[in-house]
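Protein chains in written order, with numbering that gives the first Met the number 0: chain A, 0 to 326; chain B, 0 to 338; chain C, 0 to 307.
Be aware that one or more of the hints could be misleading.
What the hints assert, rightly or not - Output of the computed footprint for chain C on chain B, the stretches with three or more beta carbons under 8 Å from beta carbons of chain C:
#1 90-101
#2 104-112
#3 115-123
#4 277-291
Because the hints were derived from the structure by calculation, they are not lab data. In this text, a Cβ means the ideal position worked out from N, Cα and C, and glycines have one as well.
Chain by chain, the residues:
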Amino acid sequence: MSTQMDMVPVKPTTAIVGEPETDRRPGRSVWLRMLVNDRVAAAAAAVLGLVFLTAIFGPMLVGDMATHIDLDNSNQAPFTLAHGWANVLGTDPLGRSMLGRLIVACRTTLSVAIPAVVISAVVGSMIGMWAGFYRGWRETVAMRVADVIMSFPSLLLAVVVLYVFSPSAANIVAVLAITRIPVYLRTARAESAELSSRVFVDAARTFGASGSSIITRHVLPIVLPTLLTVATLDFCYVMLAESSLSFLGIGIQPPEVSWGLMVSQGRTYLHTAWWLSFFPGVAIVITTVSATILAAWARIAGDPSQRWRLTVPQKRLSRFTKTGKAI
Amino acid sequence: MTAVAEPVPAERTDSDPALRVEGLTVDIRTISGTVRAVDHVTFAAHRGETLALLGESGCGKSMTATALVGLLEPVAEVVEGTARLADVDILSADRATRRKLAGPELAIVFQDALTALNPLYTVGTQLAEPFRIHHGMKAKDAQRKAVELMARVGIPQPQDRMKSYPHQFSGGMRQRLLIAMAVALNPRVLIADEPTTALDVTVQAQIMALLRDLRAEYQMALVLITHDLALVAEEADRVAVMYAGTIVETGLVAEVFAAPLHPYTKGLLDSVPVNAVRGAELKSIGGSPPDLHSIPQGCVYQARCPLAREVCRTTRPALQAVGARRKSACHFPEEVKSA
Amino acid sequence: MFPFVRRRMYTSALPLVIVLLGVFLLARLTGDPTNLYLPESATEAQRTAFAQKNGFDQPILTQLVDYFKGVLHFDFGTSLRTGESASEMALRAFPATLQLAATTMVLAIVGAVIIGCWAAYRPNSLADRFSSLLSMTAASIPDFWFAITGVWLFAVLLGVLPTSGTDSALSWILPIATLMIRPLGVLTQVVRGAIVSALSAPYVRLARSKGASDFRVVSHHALRNAAAPALTVAGDLAVGLINGAVVVEAIFGWPGIGKLMIDAILQRDFAVLQAAVLLTAVSIFVLNIAIDACYALLDARVREPAKV
Chain A
0 MSTQMDMVPV KPTTAIVGEP ETDRRPGRSV WLRMLVNDRV AAAAAAVLGL VFLTAIFGPM
60 LVGDMATHID LDNSNQAPFT LAHGWANVLG TDPLGRSMLG RLIVACRTTL SVAIPAVVIS
120 AVVGSMIGMW AGFYRGWRET VAMRVADVIM SFPSLLLAVV VLYVFSPSAA NIVAVLAITR
180 IPVYLRTARA ESAELSSRVF VDAARTFGAS GSSIITRHVL PIVLPTLLTV ATLDFCYVML
240 AESSLSFLGI GIQPPEVSWG LMVSQGRTYL HTAWWLSFFP GVAIVITTVS ATILAAWARI
300 AGDPSQRWRL TVPQKRLSRF TKTGKAI
Chain B
0 MTAVAEPVPA ERTDSDPALR VEGLTVDIRT ISGTVRAVDH VTFAAHRGET LALLGESGCG
60 KSMTATALVG LLEPVAEVVE GTARLADVDI LSADRATRRK LAGPELAIVF QDALTALNPL
120 YTVGTQLAEP FRIHHGMKAK DAQRKAVELM ARVGIPQPQD RMKSYPHQFS GGMRQRLLIA
180 MAVALNPRVL IADEPTTALD VTVQAQIMAL LRDLRAEYQM ALVLITHDLA LVAEEADRVA
240 VMYAGTIVET GLVAEVFAAP LHPYTKGLLD SVPVNAVRGA ELKSIGGSPP DLHSIPQGCV
300 YQARCPLARE VCRTTRPALQ AVGARRKSAC HFPEEVKSA
Chain C
0 MFPFVRRRMY TSALPLVIVL LGVFLLARLT GDPTNLYLPE SATEAQRTAF AQKNGFDQPI
60 LTQLVDYFKG VLHFDFGTSL RTGESASEMA LRAFPATLQL AATTMVLAIV GAVIIGCWAA
120 YRPNSLADRF SSLLSMTAAS IPDFWFAITG VWLFAVLLGV LPTSGTDSAL SWILPIATLM
180 IRPLGVLTQV VRGAIVSALS APYVRLARSK GASDFRVVSH HALRNAAAPA LTVAGDLAVG
240 LINGAVVVEA IFGWPGIGKL MIDAILQRDF AVLQAAVLLT AVSIFVLNIA IDACYALLDA
300 RVREPAKV
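Just chain A, with the same shape it has in the complex:
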């Protein structure tokens, strides 16, 4: 098999015994190069990083800015420094700084979204990889369970469950995690099933490797990029779900604050204080759009046969595919 050319590499179909495809994947510097090459994705990554940093360090820095009630300053408009830099984004009916509340809400929102994503990713992937690897009844049962969960709109599920058990951060995380498990389960199962029929798995078995060690050492590293992409996109979805639940009143409850809750609280003041609902929404949009962009980039970067798109300078790429000689 002569493969001198790296041209549009197809997913490797012949495997050398004992040598997983991880050797063929680019090192970290190539990933970084691909990210920087795509300016939009790089910007998205930077924004997301900023959001995470705000969630971690923000509340510490703003102190009690978010909870300090100042009725003299209630419902002040934004974009003026007349009431101090803390109120540059305006204040709410209780005179609390919007900026401060936004920052604290960032932590709450993320502290629901991230655990939900992590739990569903870990549980869903593990079950999926296990089911896909062994096939047979395990696969059927797992897929049936996934189908059942997926066939029902998550919001409805959450609504009903939170009706019966009252809403609390832990319950919300649990409900969101459960509704998202099928996404990881399906992806992990599909990849795992495809890999389990490869030669290197049989080879590993002849060395006496057990199923679980094959899964952890061979299947997991290959499936990981796809799962990370799915997780990034899913983070988006979970954030929006939590916001919707809080908006409807069955998510985060006051005095805690999340972006969704802030939008809902600002609804009655739409005529007089538009910024109360507007800014929290903008915060959500910025975070979710960045996550979506990054996920789209990661999908291309993680697929060996599409990767070339990210290594060609942007301008050259469009020249190839416009009407012309190349195609």
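Using the hints provided, position chains B and C relative to the given structure of chain A.
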């Protein structure tokens, strides 16, 4: 060696070729730099004759074909060269012109018939497509022509099978369908890219017989891309041997196979285990094809050539005429037979 | 075709049964179900009477059988709030949601196909990247925020659209726009991606070698092959439309099943909630069958029983 095709009369090789390719060069952009996959390839194909493009996997012969048909992947680009077909240089023509030529003048048969056919449309629809596109035929008329076409390529009960889907045919039948679509509009030049590689031996023979018939009937120039020496010996009139993206030797098949003028060709021919004695060592060409990222200066074959000398390392030999009807890209073609 | 549909009905029935079972168990496993059905102010005597009337004091298996009997007659009891039959309320509210959802889905699919095809036609061009950015933004927007901003912009500030109600044709615009924005964004990306990858398939190469025009390649060859993944996503989105409908109806006061559910939640009216939830589950079940039927129509290989 198996029987060789009848040699083509000398005058034919000088008459106006149906397809004349000169200096075709294709570069590919990869993660680790630009690679020259096809390097100044020059050949000519004449009507009623089969030209074989012979070489091992990865030597650039398929890429030459895709470049000619204008179906290169976006990472690949034709950087130099001309290809004259019907008085048009197809490499520099605009898309509309190329589209008009695709089918009536230039056609290609791909290697893998199952994926090449659209799985969601019936075979009848797909066969009727060339007629609808180029002759603007109504559906009924195009369908009728499709049935004729299927009969011509030897598919039994064509009328019944018009409504079948590609996955309901066997491999050999699918290849016939591909051939049918390619010859639908009597093209001047037909490129067949490894048409029989995916088929078993008996079907191979049938498919090649079909191609031969069609070639004679439509007086097509058939360009046969293959790595199979036996196939070349049986079916081709002339051959162009490719190595690492360049053409290293051309000539009549009978003459080239009897007395090769390039060490690579000789190496290929020697490695065919005819008259091999059990227990004896099989001959092979030592080493492996060069990494296209780092093609050496000078001759591409120098690393594996028993005749390699100083000049081979510094100067790349051009494809030059040796005698009346043959060309070789070697500095020492006359020494090859004793190598 | 029909045996295929029949087969799919059997497999799709399972989620429906599980949802039914789930609601049943949820109500009973979390304590006395009377707490869910009766207002908090109900007296002890009222509770006992209610429990007896509805058989909550029976062994659980009897309750299960009664429950499924009731489901088959679509009888879930009466609403706490209005005293009407819960199922009647649900059935009355359903068409409003259906109209909203169907219109939205049609518009989203048509829009996505047009924009997706156009963008895939010249991939990585400025137009394509711009429309990708737009569709990614659209897919990430929280619908409730979009609705509120829309209301503020068009109803409060500009006064061109009503804030709620279903009276005029204009009052459809904001709800549909809100409901449509995420599906449109997601579907556009999917259609574009599917067409781009269909365009690099061998059969497209073949079509081009026959001289097919770009338009024919995209609309005839690529689109049909892109339909399957797009259909899958459209199906998931349709299910998610229920989520969106809940929010949209709550904001715009649209008298659909979503609003019914939220009101039922806020007023602790479990009978109505149950009826609405189960009606939704049935419609999802029907939707899944319809989608599978579409797959079969598109791709002949699906119609045949699975062979190795």
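For each hint, the structure was consulted:
1. Residues of the region 90-101 of chain B lying with their CB closer than 8 Å to a CB of chain C number 4, which satisfies the three-residue condition for coverage.
2. Evaluation of the coverage hint for the region 104-112 of chain B: fulfilled, as 4 residues show C-beta separations to chain C shorter than 8 Å, against a requirement of three.
3. Residues of the region 115-123 of chain B lying with their CB closer than 8 Å to a CB of chain C number 6, which satisfies the three-residue condition for coverage.
4. Counting residues of the region 277-291 of chain B whose CB lies closer than 8 Å to any CB of chain C gives 0, so the stated coverage by that chain is violated, three being the minimum.
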